[in-house]
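First residue of the sequence shown? That's 15 in my numbering, and the numbers climb one at a time after it.
None of these hints come from the bench; they were simulated from the model. No experiment lies behind these values; they were computed from the predicted model shown. Positions of the beta carbon are idealized from the N, C-alpha and C atoms, including for glycine. Among these hints, one or two may not hold up.
Computed beta-carbon distance windows for the label pairs [said to hold, decoys possible]:
1) Pro74 with Thr127: 38 to 44 Å
2) Gly83 with Val120: 20 to 26 Å
3) Pro124 with Glu38: 51 to 57 Å
Calculated pairs, EDC-like style, for lysine to aspartate or glutamate (alpha carbon to alpha carbon, straight line, at most 20 Å) [said to hold, decoys possible]:
4) Lys42 with Asp96
5) Lys28 with Glu66
6) Lys28 with Glu38
7) Lys93 with Glu20
8) Lys42 with Glu82
9) Lys47 with Asp79
10) Lys111 with Asp96
11) Lys32 with Glu54
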Amino acid sequence: MGISPESKGGLMAKYNLKPIAVAEVNTKYRRIKTRLPVPESLEIFARLIKSEPQSMMGQPPVVWDRAEGFQVCDRWGNKWIDWSSGVLITNAGHGRKEIANALREVIEKPLLTSYC
15 MGISPESKGG LMAKYNLKPI AVAEVNTKYR RIKTRLPVPE SLEIFARLIK SEPQSMMGQP
75 PVVWDRAEGF QVCDRWGNKW IDWSSGVLIT NAGHGRKEIA NALREVIEKP LLTSYC
């Protein structure tokens, strides 16, 4: 049994935040070793619910700790493939050194301006 968003009466789907046992996964690109959502993450979700838009409740209940390339990890040892692509903003992948270096090069120039 996995976790998936629930939708009731045409309302926006939202994930149930009750942790459930899931099959352990340990492959080259994925690792799931806890219940989902991670019980220790529930306090974080309780705070987020107060400030995040309702539309975010349909996102998988994963608290990112770090990301590299096409993978995201939580602090509890789970690792996922980032199918969300950072909601369309990280199509180049997370933490790519050549992109960070190019940004540093521009930032270190003495003139930063924008015409708006």
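Status of the hints after comparison with the structure:
1. Pro74 with Thr127: 38 to 44 Å: holds, 40 Å
2. Gly83 with Val120: 20 to 26 Å: holds, 23 Å
3. Pro124 with Glu38: 51 to 57 Å: With a Cβ separation near 53 Å, proline 124 and glutamate 38 satisfy 51 to 57 Å, so the hint holds.
4. Lys42 with Asp96: Judged against 20 Å, a Cα distance of about 14 Å means the pair holds.
5. Lys28 with Glu66: holds, 13 Å
6. Lys28 with Glu38: Not OK: lysine 28 and glutamate 38 at ~24 Å, beyond 20 Å, violated.
7. Lys93 with Glu20: Distance ~23 Å between lysine 93 and glutamate 20 Cα, so the pair is violated.
8. Lys42 with Glu82: holds, 14 Å
9. Lys47 with Asp79: holds, 15 Å
10. Lys111 with Asp96: holds, 18 Å
11. Lys32 with Glu54: holds, 11 Å
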